[in-house]
Amino acid sequence: MPDFRDVFSVAYAAGLDGAGWLQQRRLEAAEAVGTAELPSAAEEEWRYSPVAKLSLEAYLPAPSGGTNGAAGAGDLLGSLRDRWGVLSALVVTFDGHLVSTQITPAAAAAGLAVRPLGDEPEPAGALGGVLGEPSDVFGLMNDAFCSAPVLLEIPRGARLTDPVAVVNVVSAPSLAVFPRLSVVVGDGAEAQVVNAFLSGPQEAFVVPVAELTVGPAARLQYLTLQELGPQAVGIEQTAATVASQGHLAIGLAAVGGGYARSRVDCTLSGRGATGDMSAMYFGDRDQVLDFRTFQNHSAPDTNSNLLFVGAVEDRARSIYSGLIRVGPEARGTDAQQTNRILKLSEGVWADSVPNLEIENNDVRCAHASSVGPIDEDHRFYLESRGVPPDVAERLIVEGFFGEVRGRLPVQSVAAGLDEVVRAKIGPGR
Amino acid sequence: MSQLSVEGLAANAAGEAILHGVDLQVSAGEVHAVMGPNGCGKSTLAHVLAGRHGYTVTAGRALLDGRDLLTLSPFERARAGLFLAMQYPTEVPGVKLLDVLGASLRAAGRSPVAADLEALLSTEAERLSVPAALLERAVNVDLSGGEQKRGEALQLAVLRPRIAVLDEIDSGLDVDALRAVARRIEEAPTEGLGVLAITHYTRLLGVLRADRVHIMIRGRIVASGGPELADELERTGYERWDRPAPAEVAVKLGRSF
Ligand SMILES: Nc1ncnc2c1ncn2[C@@H]1O[C@H](COP(=O)(O)OP(=O)(O)OP(=O)(O)O)[C@@H](O)[C@H]1O
Ligand SMILES: [Mg+2]
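Chains W and H, in that order, are what the protein sequence lines are. Counting along the first sequence from 1, when you hit position 131 you're at 144 in our numbering, and nothing is skipped either side. Counting along the second sequence from 1, when you hit position 65 you're at 853 in our numbering, and nothing is skipped either side.
Just so you know, the hints here were simulated from the structure itself, not pulled from any lab data. Please note: incorrect hints may appear among the correct ones.
[Claimed, not checked] Far from chain W, by Cβ distances over 10 Å, these chain H residues were calculated:
1. Val845
2. Gly980
3. Thr990
4. Asp1019
5. Arg1028
[As the list claims (entries may be wrong)] Taking lysine-lysine and the DSSO-like style, the derived pairs with C-alpha atoms no more than 27 Å apart in a straight line are:
6. H:Lys884 with W:Lys66
7. W:Lys66 with W:Lys437
8. W:Lys356 with W:Lys437
9. H:Lys884 with W:Lys356
10. W:Lys66 with W:Lys356
From a predicted model like this one, the values you see are computed outputs, not experimental measurements. We put the CB at the ideal spot given by N, CA and C, even for glycine.
Hey, can you work out the whole structure from these sequences and the hints?
Okay, structure coming up:
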């Protein structure tokens, strides 16, 4: 029986380029991958997930050395610029290789640094400093096989007016890639970052890890844009920590992927820190979209507000499970968690599981979830005004997403989602 | 000339018979008022005509210019020229009134250009003293009762139906708004609009001249007359009309007449 560990092995990790510390780190993780098990749906964090159906042995590691497909990235960048407007910097990985890093002079002058970690002496804690020990084999695989980890540094007091975009493109068939990004926002600094994942129509296995460090009184807007192809499997993890009076807004826009999972761990570790999370997702055909969130309050007077809004159509499935964890030291916590799902077809399936774990009495926590079809009253009202049924449905779905779409971080980029959603709702509507 | 013709209409809601054979004829250019005690079935009649879910028609017909409305979807009924101003307009989160009207006009082949649409809407909004900001807000969401009714009136004016069922459009409207709505209805071209106005108040009939007044009791029209009927009602209340129908008495007595 072929086993993915035969290919995603210590030998493969050893063949990847990079400074000594990085190679060492990869080798240790690759050893661990060799004995790790795939998670099972019996584990709470993987409940309802079709993880057992994945056949990882079907994927190929990215070949080491350069890539000649990168030329194709040029067109993509042109179209992204049209869609997203002005950027402070653009970083592109193509089939697992870092192929382009551009920074505007203004952003460079403001202090933005984009550092490919492979070439650097070890920057303290840039990898694993926020995430800690990987919680599953996919995190370990990213540690072991991340071929081009990138660090974005926004130094103390720096203010970037335009977003930084990191775009990860997978083009070769059956490729497995392990994008790795660390973002460090210094004291009082402000930045917007987009981390985008795109792939073509063929199979792909995309396993990103992102770590976000928001310093005291710093502000970060961070948007993950998942536009993988319909055959791609994406298993993504974002871990963040926010220091005192810092503010982090994490957004997820997930419209692609065959099976696409996102896990977000946001830890409010300093007094008065704020962590908002929002997600907008739309699954159709046989897509499975899977979200796990952790709102960790480990300091007093911290505030988190989560709004995840999704639609499922055809035979698509969505899973949301979220945990608000309030530690004993986190008095004065205010935590909200809302999940709303619109079922657009009979054959869909949606799970919404909120959880609370509270160890302090002086807190305000609330969670709410709703799963259901389009409200017949809404449909009737619009139709009785002479709006055709298909248009009425489109207006209602767009209206359903309106609030979260307005709340997603990096609005200049999130605006592009309207068109993607419209296309998903269907040409007839 | 358009005509709404309701014949022997009977309907259930949640398995219970609410309408017991309603007959009404409304022609273009006419205003008919329907008055009746709470729960007698006025809104049920309005909803059944517009095709709202949750009702079952058990007998009768409702023809608009000869077409049986009851076989049509709510959209097709609107398309055929029927408009319903709801007693409790539905809140539709995130959907702008502007987009609703735009979509409706486009579907009707009217005013496809954005600039024309805007001009039309702002003209009508002004005539009805509706703040233009209402157009940019989600339909009925967080609007005051009166604002919702003004919104319904604005839609009536913009969509130009042949027959409009106005379910208590007057409740919640201030006196100026009520006048503006009545004026707007009267300004509809003479060959134009037929109105079925459900109301509790002669106040509406003070500003909107009704050709006919109908009294509905327990799912039936029990009396019809000129505007003087409303005045009489104002003096006497519903009691003198509120007698069980002979058939019901017969059932109670256990024999037929
Ligand atoms: N969907 C429904 N399910 C159950 N009962 C209903 C439904 N719709 C109407 N009814 C009942 O039918 C009766 C008539 O209701 P309707 O709303 O038509 O009254 P109305 O004449 O408009 O009253 P009002 O003057 O208070 O507006 C009421 O007893 C009401 O409870
Ligand atoms: Mg009523």
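Going through the hints against the structure:
With a least beta-carbon separation of about 16 Å from chain W, Val845 (chain H) lies farther than 10 Å from that chain, consistent with its non-interface assignment. With 10 Å as the threshold on Cβ separation, the claim that Gly980 (chain H) sits away from chain W holds: the shortest Cβ distance comes to roughly 16 Å. In this structure Thr990 (chain H) is separated from chain W by more than 10 Å, as the shortest Cβ-Cβ distance comes to about 28 Å. No Cβ of chain W comes within 10 Å of the Cβ of Asp1019 (chain H); the nearest lies about 33 Å off, and the non-interface call holds.
Against the 10 Å criterion, Arg1028 (chain H) stays outside the reach of chain W, whose nearest CB is about 35 Å from its own CB. For a cut-off of 27 Å, the pair hint linking Lys884 (chain H) to Lys66 (chain W) is broken: about 43 Å separates their Cα positions. Restraint check: the Cα-Cα separation between Lys66 (chain W) and Lys437 (chain W) comes to about 26 Å, which is no more than 27 Å; the hinted pair holds. As the CA atoms of Lys356 (chain W) and Lys437 (chain W) are separated by approximately 14 Å, the hinted pair is consistent with the 27 Å bound.
With a CA separation close to 22 Å, the supplied pair Lys884 (chain H) and Lys356 (chain W) stays within the 27 Å bound. A distance of roughly 24 Å separates the Cα atoms of Lys66 (chain W) and Lys356 (chain W); the hinted pair therefore holds under the 27 Å criterion.
In summary, the one numbered hint that this structure violates is 6.
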